[in-house]
Amino acid sequence: MAIRVTLDRVLLERRMSLTELCDRVGVTMANLSILKTGKAKAVRFSTLEALCRELECQPGELLQFVEENQERDAAE
Amino acid sequence: MKALGKNSLATFLNTILVLVSWFLWAALAVLFLFGLPALVIDSFHDLSWVAKAPPPALVWPFSIMFAIFVLATQVVISRLRKIFATLIAGDPFVPENATHLRTIWMILVGFEALNMAFSSGTLLAQRVFGEMFAGLRGEFHMNWSLWLAVAVLVVLAEIFNEGAKMRQEQKLTI
Numbered sequence: 001m002a003i004r005v006t007l008d009r010v011l012l013e014r015r016m017s018l019t020e021l022c023d024r025v026g027v028t029m030a031n032l033s034i035l036k037t038g039k040a041k042a043v044r045f046s047t048l049e050a051l052c053r054e055l056e057c058q059p060g061e062l063l064q065f066v067e068e069n070q071e072r073d074a075a076e
Numbered sequence: 001m002k003a004l005g006k007n008s009l010a011t012f013l014n015t016i017l018v019l020v021s022w023f024l025w026a027a028l029a030v031l032f033l034f035g036l037p038a039l040v041i042d043s044f045h046d047l048s049w050v051a052k053a054p055p056p057a058l059v060w061p062f063s064i065m066f067a068i069f070v071l072a073t074q075v076v077i078s079r080l081r082k083i084f085a086t087l088i089a090g091d092p093f094v095p096e097n098a099t100h101l102r103t104i105w106m107i108l109v110g111f112e113a114l115n116m117a118f119s120s121g122t123l124l125a126q127r128v129f130g131e132m133f134a135g136l137r138g139e140f141h142m143n144w145s146l147w148l149a150v151a152v153l154v155v156l157a158e159i160f161n162e163g164a165k166m167r168q169e170q171k172l173t174i
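Just so you know, the sequences run in chain order A and B. Residues 1 to 76 in my numbering are what the first sequence lists, from first letter to last. Residues 1 to 174 in my numbering are what the second sequence lists, from first letter to last.
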């Protein structure tokens, strides 16, 4: 997908575990894993808002636009 | 009566389908176990005890048509039961239901095409061979209600397909 979720990087920078984030945001571990692994099709504004609030970051820090061919090259 | 879940309309219709399925298997078994062997034995050639019995020359084609009808109906019933199972479970928007509906309308189209071909063939045979096929209903007609049902099923299949896609997207919306 052209939009990459950089949640793992932000979590690492904040030294926060995914479990802790789940508790704080109120999203299930399964759903956050879907988001973290890039399998999500869409993100609700309410979820994004909660993530930004708990991680003290901007939406742009969590999402990154990647060119399709760039993504393919990275995968290879 | 509720439409989804246990003890719903879907459960009731599912039970009716099971009964229809058993009845059709029984009818097919009776035909092949008793009806057709009777033809083989000379002394039973007289089929006048059967109401509107077809001419002996057409018994085999009729039997084959009936067997095809039973098998096609069994497939349709089996697919319908799978759809009802999802309705009973309360989750009908699964991709498999679109496939089941597509299969059902394709079977209906196939069977109706075969039926039309058979009717036309009978009509032709009546014209060519005359009395041998007298008494048979050899007429070509369009079953409009069936074609309407096919159209509804085509639309329903596509609705289920799109519904399943939307549901999948909804599932992956965090």
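Hints in this document: simulated from the structure, not taken from any laboratory. Even glycine gets a Cβ: it sits at the ideal position worked out from N, Cα and C. Worth double-checking, as some hints may not be accurate.
Computed, partial: chain A to chain B, Cβ under 10 Å [said to hold, decoys possible]: (1) Leu12; (2) Arg15; (3) Asn31; (4) Ile34; (5) Ala40; (6) Val43; (7) Thr47.
With the Cβ distance kept under 10 Å, some of the chain A side facing chain B (calculated, not the full set) [claimed, not checked]: (8) Arg24; (9) Lys39; (10) Gly60.
Now the hints, each set against the structure:
1. Interface restraint check: Leu12(A) against chain B, minimum CB-CB distance 20 Å, threshold 10 Å, status violated.
2. Given hint, Arg15(A) at the interface with chain B, is violated; its Cβ is 23 Å from that chain's nearest Cβ, farther than 10 Å.
3. For Asn31(A), the suggested interface contact is upheld, since its CB lies about 5 Å from the closest CB of chain B, less than 10 Å.
4. Here the hint on Ile34(A) is kept, as its CB sits about 6 Å from the closest CB of chain B, short of 10 Å.
5. Interface restraint check: Ala40(A) against chain B, minimum CB-CB distance 5 Å, threshold 10 Å, status holds.
6. Here the hint on Val43(A) is kept, as its CB sits about 5 Å from the closest CB of chain B, short of 10 Å.
7. At about 5 Å, the closest approach between the beta carbon of Thr47(A) and any beta carbon in chain B falls short of 10 Å, and the interface hint on this residue holds.
8. Taken as an interface hint, Arg24(A) does not check out: its beta carbon lies about 15 Å from the nearest beta carbon of chain B, beyond 10 Å.
9. Residue-level restraint check for Lys39(A) holds (minimum Cβ-Cβ distance to chain B is 6 Å; threshold 10 Å).
10. Residue-level restraint check for Gly60(A) is violated (minimum Cβ-Cβ distance to chain B is 18 Å; threshold 10 Å).
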